[in-house]
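Engineer: Chain by chain, the residues run as shown.
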Amino acid sequence: MDLAVMGEYLPRFGEAFLLTLRIGWAGIALSLLIGLAAAFIRHFKIPLLSGLMAGYIELFRNTPLLVQLFFIYFGLPKLGFTVSPELCGAVGLGLLGGSYMAESFRSGLDAVPPAQSLSALSLGMTRRQLFVHVVLPQAFAISTPSVVANVIFLLKETSVFSAISLMDLMFTAKDLIGLYYDTTECLVLLVLFYIVMLLPVSLLGRKLEKKFEFGRSGT
Amino acid sequence: MESIITDLGFDVLFKGNNAMRLLEGLLVALRISMIAVLISLPLGGLLGVLMSLKRKGIRFFGRLYLEIIRIMPQMVLLFIVYFGATRAFGLKLSPELSSLIVFSLWGTAEMSDLVRGAVQSIPRAQYESSAALGMNTAKTYCFVIVPQIIRRILPNTINLITRMIKTTSLVMMIGIVEVLKVGQQIIEANRKSSPNAAFGVFATVFLLYFLACYPISLLSRYLEKKANG
Amino acid sequence: MDKKNEVILTIGHLKKSYGDTEVLKDIDLEIKSGEVVVIIGPSGCGKSTLLRCLNGLEKTDEGRILLHGEPVDPKSAGIFRMRERIGMVFQSYELFPHKTILKNITLAPLKVQKRKKEEAEAEALALLERIGLSAHRDKYPSQLSGGQKQRVAIARALIMHPELLLLDEITAALDPEMVREVLELVLSLAKEGRTMLIVTHEMAFAEAVADRVIFMDGGSIIEEGTAEQIFHYPKTERLQRFLESLKFD
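Chains as they are written, first to last, in the numbering used here: chain A, 1 to 219; chain B, 1 to 229; chain C, 1 to 249.
These are computed hints drawn from the structure, not numbers from a lab. All C-beta atoms, glycine included, are put in the ideal place defined by N, C-alpha and C. A few of these clues could be false.
[Unchecked claim] Every beta carbon over 12 Å from chain A, so not counted as near; a handful from chain C, in silico: (1) Gly12; (2) Ala77; (3) Ala153; (4) Glu177; (5) Met203; (6) Ala204; (7) Glu228.
[Said to hold, decoys possible] Computed Cβ-Cβ distance ranges for the label pairs, DEER-style: (8) B:Arg151 - C:His161: 32 to 38 Å; (9) C:Ser134 - B:Leu64: 46 to 52 Å; (10) C:His68 - A:Ala29: 51 to 57 Å; (11) C:Glu22 - A:Ile46: 31 to 37 Å; (12) B:Arg151 - A:Arg206: 26 to 32 Å; (13) C:His68 - A:Trp25: 54 to 60 Å.
The shape of chain A in the complex, shown without the other chains (with noise of 0.2 Å):
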């Protein structure tokens, strides 16, 4: 392994490095509002809009996002929708994201147990305080760890980014051996940034999920 190359190699890696980690979080983002309104959509029960959630969160749950990015990048623009690559890349993992965000809440929201509900009502809360005070807080809690796992999924998901030649880390590792064939080199860069995307966040998510412990067992 030379030290040397991959210092020399450094500079590129970073800046693939800031534009993965730029998409992945404005995916990210994207899928929890859609994660959020999907969920919600399905929990009340909205007529018709339910039926459409549960097709849509169907469809991404059960693709891989490589085929959900060419069908948008490749596929789309013929119906003349023409997208970037960096907004492919970010609309691609939000609409993935939101299929798993989507469960993920809901099945917090579902798991309130209805008893919670019943001695609001009976303090006299309204449906709305109801809902803010006592049903919203405990999904939360509830969907945080499941929350976490999907954004390290779809953290690790951004690696698919190069297939619609977004200069991302595995493009840019890709790029450099086939240039130089400098493979170790290039390969243990790879890891340490990925390394350095994930590790925080899976430390975040064992954090969190330790501080929401309260309240499976005994209300």
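Since chain A is already given, all that's left is putting chains B and C on it; use the hints.
Structural biologist: Relative to the frame of chain A, chains B and C by itself:
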């Protein structure tokens, strides 16, 4: 009607044996995932049982293996094995073999965690009450413990299969000609006669993957309901 | 407390079915201010359903429930105001797991009654003092024993100053050694002259606390009277059989 089909680029599917070629491409990906599943289930089961034993060394290395495999994207693992093995050991691994190694390593890790969790979730009292009924160790495992473990891991194991299928789409990135690659070839070959083929072909691939995974997801959900209910 | 003998709750011809099963068949009942009424009866006799209906947590099919002449109707907009005036404590406590003990008690006064924070907290602390849990104010429900949780649930209902308190088998989920601490609290509330409607399986407690006992079976009120009459001189055969079924010898 015909013009809509052409406008959306679905017409290429009816040209020559294009539809058949796409299906064959899907089978390439499915075959890799199925072989990886067949390798992962027994290996993962074995590792999971080992990890549920209270041996510090085994537990430590098992945990380490699991964490390393889990934190790396499968794409990165594919690169490491495909490019790295050549470099490190002078082995020239084919893309197929590389992907089989990676997906088996990954599947084994995930499977072992499922099995470990299930073994540890069986309450002590189950062993004790079996012993109290006069069962020996073999009978206890055969009639009491293993059936419970299987019931517990079945939904997630089947779910793991759909995850494997979805993940095999990555193999095109190391040059395996599977359904996405075949799709690209078809689009390329027909770019003059069907300029909109990209929509039709990739929409079809989208649908094909959905058709492959959705029934398995449904089965997993059904089993989960049955186990909980 | 206030004027004794004034009727505060009137239940008239109350009926309710789940599908084909009639759970409440034409219930008539009046509760006077300061009265402690205990409902006993076999499981599934409709006593818990009746309590839920009284708080508008279940829709009724027919009949009416009036609190001081105002209807308790889950379909009406005024139901939230009515529930403030009727407190309820559940078998499974149902404290809010994401809030500390103190915040469990102050949540409804702050959000529902829009009371001042200092004032609500001062009263909550006084209530915690009374139930002997001041030291636990900043703990979460999962850190408390069942008996402690149930006492907090009672305090949470009391802070709303309800005119009527409904207690639904509040000791049924407790370990035997914790039953006493909860029942003693309820007894002290009875001595203060609180109006309560209690569903319980603790017959000795029922006898000690009740001004009036009601025996329900199959969705109807079969017999009612003083604790003495019900437990020692049962008139109907069904009540006799029920009381007999509770004995071991």
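Engineer: Take the hints in turn and mark each one as holding or not.
Structural biologist: Status of each hint after checking the structure:
no. : hint                            : verdict
1   : Gly12                           : holds (22 Å)
2   : Ala77                           : violated (10 Å)
3   : Ala153                          : violated (8 Å)
4   : Glu177                          : holds (17 Å)
5   : Met203                          : holds (26 Å)
6   : Ala204                          : holds (27 Å)
7   : Glu228                          : holds (32 Å)
8   : B:Arg151 - C:His161: 32 to 38 Å : violated (52 Å)
9   : C:Ser134 - B:Leu64: 46 to 52 Å  : holds (49 Å)
10  : C:His68 - A:Ala29: 51 to 57 Å   : holds (53 Å)
11  : C:Glu22 - A:Ile46: 31 to 37 Å   : holds (34 Å)
12  : B:Arg151 - A:Arg206: 26 to 32 Å : holds (29 Å)
13  : C:His68 - A:Trp25: 54 to 60 Å   : holds (58 Å)
When held up to the earlier numbered hints, the structure conflicts with 2, 3, 8 and fits the remainder.
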